[in-house]
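Chains A and B, in that order, are what the protein sequence lines are. Position 99 of the first sequence, counted from 1, bears residue number 99 in the numbering used here, the numbering being contiguous throughout. Just remember that the numbering used here sits 1000 ahead of the position in the second sequence, which is counted from 1.
It should be emphasised that the hints constitute simulated quantities derived from the structure, not laboratory data.
Taking lysine-lysine and the DSSO-like style, the derived pairs with C-alpha atoms no more than 30 Å apart in a straight line are:
| no. | chain 1 | residue 1 | chain 2 | residue 2 |
| --- | --- | --- | --- | --- |
| 1 | A | Lys13 | A | Lys77 |
| 2 | A | Lys45 | B | Lys1113 |
| 3 | A | Lys66 | A | Lys45 |
| 4 | B | Lys1036 | A | Lys45 |
Using C-beta positions, here's what the derived DEER-type ranges look like:
| no. | chain 1 | residue 1 | chain 2 | residue 2 | range |
| --- | --- | --- | --- | --- | --- |
| 5 | B | Asp1066 | A | Pro14 | 43 to 51 Å |
| 6 | B | Gly1074 | A | Gly27 | 32 to 40 Å |
| 7 | B | Lys1113 | A | Gly103 | 37 to 45 Å |
| 8 | B | Asp1076 | A | Gly102 | 24 to 32 Å |
| 9 | A | Gly44 | B | Asp1001 | 14 to 22 Å |
| 10 | A | Gly8 | B | Gly1047 | 17 to 25 Å |
We put the CB at the ideal spot given by N, CA and C, even for glycine.
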Amino acid sequence: QVQLQESGPGLVKPSQTLSLTCTVSGGSINSGDYYWSWIRQQPGKGLECIGYIYYNGGAYYNPSLKSRVTMSVDTSKNHFSLNLRSVTAADTAVYYCARRPGGYCYFDLWGRGTLVTVSP
Amino acid sequence: DIVMTQSPDSLAVSLGERATINCKSSQSVLYSSNNKNYLAWYQQKPGQPPKLLIYWASTRESGVPDRFSGSGSGADFALTISSLQAEDVAVYYCQQYFETPYTFGQGTKLEIK
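Next up, chain B with everything else stripped away, as it sits in the complex (with noise of 0.2 Å):
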């Protein structure tokens, strides 16, 4: 199975801010017919289930606000958002869905500081 590490397991991050989460894959996700990424970024807030964000490494699902933004190729990404909300509070999970069984990273946890 593909493993998902993601960095670090929580972020505290001030109102207005910059907040970087990392994903890390233990192979590439990076498939070389069409030179795209298989990979997602989901958000979770208590009590709800994950929401999509981003796939294919770095395209918004419809609806999510362009704060959010997704870089990275092959086996090293990362999920930015640009100008932290209050609303932004929540647990963020990668998810490689390069081959089966689609593996998810064990999620960091967003808050403000």
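Chain A on its own, in the form it takes in the complex (with noise of 0.2 Å):
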């Protein structure tokens, strides 16, 4: 069965740049029946959809992030990847990378996510 797996640095310092890999495996990431989304979720508050990426490599971001974030994916080694630019302390949270069903905009299947703590 698909499973997602996040990986990247647990603490990224102020200013700099937040980045995170999503390893898609037991199916194909350019299937083409999916989009590839990253959410987060800040210590004691609710989930944010911060944006999601498509096999061919276009994405949608959330208008309250777009000017820090970019995606991409990387369809040979089955992973999408997420930045996260000039972070601050209100940028600490788990991160989330799942999967949306083309056509749907609901998430069927999650990562366990990963705590990112920004922090000097």
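From the two separate chains plus the hints, produce the assembled complex.
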């Protein structure tokens, strides 16, 4: 069965770039049936959709983060990535990668999540 | 952005009893051309990612027990657990996917009384 796994540094300094990768196993990222998403959960808060990317590189970013976000996809490695620039303490959160069926915009499969702390 | 507001923030229900969580959107999430409500429900247990329970407001995801049901239309929705089990202790979120950015409710914490 398909599984998602986030990876990346758990600690990032303020003003630097947060970089995470989500590896897809048990299925192909370029099947065209899904969009690949990033969602975060700040401590004690709800869930925020950061954006999503298609296997061909087409992406949508939440306008609240758009100026600082870049997503990419590497079909040869079957993974997709998130870069969030100029981070502050407010970007401290658990970051989840998730799968969104093409044509539908709910999230039917999630990674376990990774905590990223922004601190000097 | 569409604001999703859940009520109550927390809820304690006895085992075997019914639990109902409400979700209100700041605008309708019903798409008139296909008569579908663009609303999903998720369950998040401690230390775990959210799990999709229901989409299109009332369609259960494969493998979800039938004690979970979704109802409502337009801007008012509910998630009902017909007979609460111990394993249902979790935080529940609604999410609208009517328009971007997709937004979630603040969550409702469900506990055993």
